[in-house]
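J.: Sequence order for the protein chains is S, P, G and U.
For the record, in the first sequence the residue sitting at position 314 is 314 according to the working numbering, with numbers rising by one throughout.
For the record, in the second sequence the residue sitting at position 227 is 227 according to the working numbering, with numbers rising by one throughout.
For the record, in the third sequence the residue sitting at position 213 is 213 according to the working numbering, with numbers rising by one throughout.
For the record, in the fourth sequence the residue sitting at position 177 is 177 according to the working numbering, with numbers rising by one throughout.
One thing to keep in mind: the hints can contain errors.
Remember, identical chains collapse to one label, so a pair may be satisfied in a single copy or spanning two.
Unchecked claim - Within a straight-line C-alpha distance of at most 27 Å, the following computed DSS-like cross-link-like pairs (lysine-lysine) qualify:
no.	residue 1	residue 2
1	326	315
2	315	140
3	198	301
4	139	315
It should be emphasised that the hints constitute simulated quantities derived from the structure, not laboratory data.
Given the structure is predicted, the values throughout are model-derived calculations rather than measurements.
There are 4 protein chains.
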Amino acid sequence: MVQEVVTMEGHLIDSDILRKAFGRVVEEGGQFEVLEFNVGKRNEDPSFVRLEISAPTPEILDRISEGLNYLGASSMVGDARFAPAEQDGILPDEFYSTTNFDTFVRVDGKRQSALDQKMDAALVVRGGAPRCVKQAQVKKGEQVLLRGPGVRVKPPERSRGATVFGFMSNDISAETNKGIVIAGIARAMREAREAREKIVLVAGPAIVHSGGDLALARLVKAGWIDVILTGNAFATHDLEKSILKTSLGVCQLSGRAVEGGNRNHLFAINAVNRAGGIGGAVDSGLVTSGVMYEAVKKGVKLVLAGSIRDDGPLKDVITDTVAAQKAYVEALQGAGLCMMLASALHSIAVGNLLPARVRTVCVDMSESVPVKLSNRGTMQAIGLVTDVGFFLERLEAELG
Amino acid sequence: MVQEVVTMEGHLIDSDILRKAFGRVVEEGGQFEVLEFNVGKRNEDPSFVRLEISAPTPEILDRISEGLNYLGASSMVGDARFAPAEQDGILPDEFYSTTNFDTFVRVDGKRQSALDQKMDAALVVRGGAPRCVKQAQVKKGEQVLLRGPGVRVKPPERSRGATVFGFMSNDISAETNKGIVIAGIARAMREAREAREKIVLVAGPAIVHSGGDLALARLVKAGWIDVILTGNAFATHDLEKSILKTSLGVCQLSGRAVEGGNRNHLFAINAVNRAGGIGGAVDSGLVTSGVMYEAVKKGVKLVLAGSIRDDGPLKDVITDTVAAQKAYVEALQGAGLCMMLASALHSIAVGNLLPARVRTVCVDMSESVPVKLSNRGTMQAIGLVTDVGFFLERLEAELG
Amino acid sequence: MVQEVVTMEGHLIDSDILRKAFGRVVEEGGQFEVLEFNVGKRNEDPSFVRLEISAPTPEILDRISEGLNYLGASSMVGDARFAPAEQDGILPDEFYSTTNFDTFVRVDGKRQSALDQKMDAALVVRGGAPRCVKQAQVKKGEQVLLRGPGVRVKPPERSRGATVFGFMSNDISAETNKGIVIAGIARAMREAREAREKIVLVAGPAIVHSGGDLALARLVKAGWIDVILTGNAFATHDLEKSILKTSLGVCQLSGRAVEGGNRNHLFAINAVNRAGGIGGAVDSGLVTSGVMYEAVKKGVKLVLAGSIRDDGPLKDVITDTVAAQKAYVEALQGAGLCMMLASALHSIAVGNLLPARVRTVCVDMSESVPVKLSNRGTMQAIGLVTDVGFFLERLEAELG
Amino acid sequence: MVQEVVTMEGHLIDSDILRKAFGRVVEEGGQFEVLEFNVGKRNEDPSFVRLEISAPTPEILDRISEGLNYLGASSMVGDARFAPAEQDGILPDEFYSTTNFDTFVRVDGKRQSALDQKMDAALVVRGGAPRCVKQAQVKKGEQVLLRGPGVRVKPPERSRGATVFGFMSNDISAETNKGIVIAGIARAMREAREAREKIVLVAGPAIVHSGGDLALARLVKAGWIDVILTGNAFATHDLEKSILKTSLGVCQLSGRAVEGGNRNHLFAINAVNRAGGIGGAVDSGLVTSGVMYEAVKKGVKLVLAGSIRDDGPLKDVITDTVAAQKAYVEALQGAGLCMMLASALHSIAVGNLLPARVRTVCVDMSESVPVKLSNRGTMQAIGLVTDVGFFLERLEAELG
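One chain only, chain S, in its complex shape:
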């Protein structure tokens, strides 16, 4: 049996950290003894625990120790260790892989906050500070943090104060009273406005199919959205609706697409690209309404990421996925609230790039999208299973 003592601090109960830590020890085949535990006396007080971990082999102890580290545990007495990247995009094998939790690195006895926090990145020293950098963008020779001592994460704490974001996370249901949740989201949007945090929208084409684009365009016009992260499809559907006035590709009786209707999609792309892209299409008067129109008029930051299933694409689309990822990262700077609407692909992509501290809501007709998002680590996301058109109309009413 080998032993190690670790400590954890924070809202260990409310944030479900202690339970996960206990579970991890046992799952990996170890045992624990609680040496000390001071629970926060009141809602706002942090707790503190000192655990002795025992394991049958050093390998298992290491694995437990690393697991607890990802939950915020610290055994760190020493400084963090670094090694240089072998080549561009090639890390030393012992690299530390980040979470989306706020992370601290001990360098020369001093604790430094990691910048650009996001999950599944390397931690690289750039400009004198530790920074989360996606694997592919690490340069040869840059100092890469190794796993082991000197690194600590701070899992997001569910505030004991009462907000919809504190209680809902991970509890996905199609049967909640959505009005209450949408009211809570509207409150959070107002708070983000006051705190001068950015409100980010991740948008999928079902927004247009469901007719929610009208409410969304008004929300954009009213200044509620700072950043739109999406792909070619949503933008094109929205532009097509403005350019062709009537939605020719849809049967007016059944509301469904008809054979040959996709020509309108290509037509819209062609017309917008001829005008030089979305901005040009707005300036030239080709596009006079819709979400894209309002976004351009309002100066909303718009990033379109390419996908292999795209038609066209629009000139504005960043077809290189690594470049698109970078552009998303940049646009997410300063985000305080993120609404992911009806797009599995872009929602998961953005979840990968967001610090866990950003309040996040994922709206989809299917339980499987928020479930996947949470399984992939974006555990802060509230899942709201509903029609996105309905969501947007209600949200507008709440904010109006």
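Model the placement of chains P, G and U on the given structure of chain S, informed by the hints.
T.: Only chains P, G and U this time, still in chain S's reference frame:
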């Protein structure tokens, strides 16, 4: 090789009958030759086809023949054959099993329409006429139609005239423009009103969870609903909301149920049962709002069928499922339009009892409910995948 | 501000009780102060907490107090209070509504365990002991437990020992490695065998559709199943397959049902009922294979509950849902493990009747069934999203 | 009223073309008269129809005419019209947008087959022949086919001969007997082998999660797969499993991912990229098993398309989505059968690039993926709702 000649008549193309007939012959291992085919010249004209079917064995020919019969084919020259039920609920083995299509039986050279058309029933001579009777309700000695000659069905014809019900059926998608479809349903409701056909509502508890009960109560009050077929859960949720004013079982922050919250459900049942049931609860002033309240006030026909997962149940619930099925059948007399909202169990149950000619819409958050409904034979149902609360609010706006 | 002191004991961290308790206080508008907290030192040790709850009004304090009580908190110094049932099936308004957690009632200063633990029942003194009785079955004048002092629940504790049931609960995903989970279930079945606990199967018709009936019949024959709780549909599909040898109602090319195919369903019911029911059909040689056959041969307890969507039904079906619920309850006595396979209706029904301490797994193709089950309070159920045919074949291989 | 006469030829009934044509006329507000109709006498004979279409305005007639054209109707007496592309990627506004049906263009009185058939492309004269070219790849000055006369499509005909692909399409259900369908797919694979057509696999990561990778690797080794179209995630999961031997990122008790487990994913990418990519990783002995390993050993064509949600990515990934689309197109040359397994993104992408004549099966745990695929025009795809691991094991057994 054995042969047989059959004829079919009607909107064989529009109603997709001829394609299914061709498919059935080939699937079963036979071949066909089209001896004669007159296609309807214009939208409203019927077509006529005479087919020669060949099969390697008489058994296969019989199977094909029976299959085509279910699609409306007729080889009938002779009269229908009957045999007496052996005991109460026990049919002769050669019994004919009904579809939900209009059915005609040739007796003494004369064609008679089957009454009480519904699927998966026996056809029994009662009061001198052929009548669809569920197996369990056939009495010993009653004359039961046998499969073979003298019976013909008429599949529902999708009118070439343009209505949402003609085109949408079987095409289920979460991505249609629901506004168009809902507008079409509102039109059909107005037509049903004018034709003095009943409008039937099949209701599930998600109507209350989603907040759609408010719009529904107004629709009931405005006289849009003639019959409500549901179970214990929907009625209780609705009554609980009226009795306890605030929904105590739901957290006002998260919109989710809380531990112990189900007590309110039991409390409502207890209070209503003490008052003698739903009618008594309305009369005594215990219940003063909601769908049940408006239904009682308006004299809407209300049938509550029991289920093994019920709490309580309410006194109004028919706990015997065979008796409940009978009560549903009776309430469905004269139905012209059926809306199935957020209830898999009751929707499938009602689909089993409805003639295919009744326009039917199935609204659910999950594609799987309308898919199941269609797979079980209620092929006339339009599937609308959306939030039922949204559906009801929109429907009210369209009808208002 | 009003105050109250409550205590809780058990695996408060592992079982996620303390977090829920803190959450409940804050959600309802109260505050708490931790007066004392002793955390269990090792895996197997219980924890203890003493909390002071403050609330702005006595009503809120009562609500918090009742909520905490449902989480196992106790402020009980006094004895439980009782009042007589007003009429058959009518409770006093202050009745206590049960959970599925083990419950203790203090009577004359002594703690008594509630019998027949199940959720959403009244607690009635029968035969000198407190017993969970469904509302409808309470008799006039029986002493009914009231909410308030003298009652305590013990939430199921997730053992820190390592089993698949300890960790998986509430974590539903279509993307787990199902082999590992199925192996864990097989282990739990062996343990249940050794502990002489009953293994209960809740079965839906998709078992037959998916072809899993073959593996299931072998499992029944091998003695792995003690009780089968199902409805008319599963039994009939299984019997039809045995009686008609080939599945005539299914196209052998496409695997799908064909028009008229449902006749086989009715034929099977008719033949079995003529033989006097399932037992008679086996005895007479009509049914010679399948799950029902093996169940009869093995003396497996079989309960068929009626539903309004049933054809027939089979003579064995209990058509009264209240009677069926009673029969389910009786059959569940002594259950140690419950497998719910592909049946939303019966799974939720059984969940309503099971103590939370029974290890439960819910297998379905759709995430929505285990999600609903958990939302309705059967939180102990592991959700496994997979093809039930595949599940059964794997399970058989693991047990073989 | 304006009129036009069109003709259609082929399996107009079996392939459901005539029904769609009638529907389209009426939906758009027109009327039709059947001037002549010769139905195919036997299974293998084509039918012929001559329709007179009437419409209230020339615009509506044009729209109907174009709609019918997409269903294979021809009014073509004249030659096709062309106009030059204005710039690279900018088409003349009247461009013809392709379907995935075989397409013929009349040039100088002669009918020419379009090459590289795929949907939503322009038809451009290249190398003297009409060729389907995605919008973005049309070069300035190339002659682009305009809509109007001289173009005709041939919708895929569902063979009246009996195969699983003929009957299943568009009929998606979780409740079919999958064994029958999988046997049919195995037959089609054998036929493709004999016809020397390529078998294409579109692969998603759930193949690995579900444990189906073992069966798939054996299928690849046995030579059943010619082309694998996938993305970074599937390849990495497969490589990770080979490199790290045990799946360290997954809890061995629960089968679920654990905190920090994603490091293994990044580690695998890092190690493979250091070795120069997948081929290098196999050559160097780093990767010694799995689907990627067998694919390299067998010389299977492997194309990895980038997505914005990728980690890494692997060096083999084509990060530019337009380039990746081109590479997919190239790899699809000669495809006779396409299996889309558990990947919504890549399945829809490939559906966009496949001629409708390629037999296609889409396997997913959720009905929504095959529904989407069909709604987006890949109507030939059979939807099979099941666990992909189960599918692969069964398929291997059928082929073994």
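J.: Can you give the numbers of the hints that this structure goes against, from lowest to highest?
T.: none
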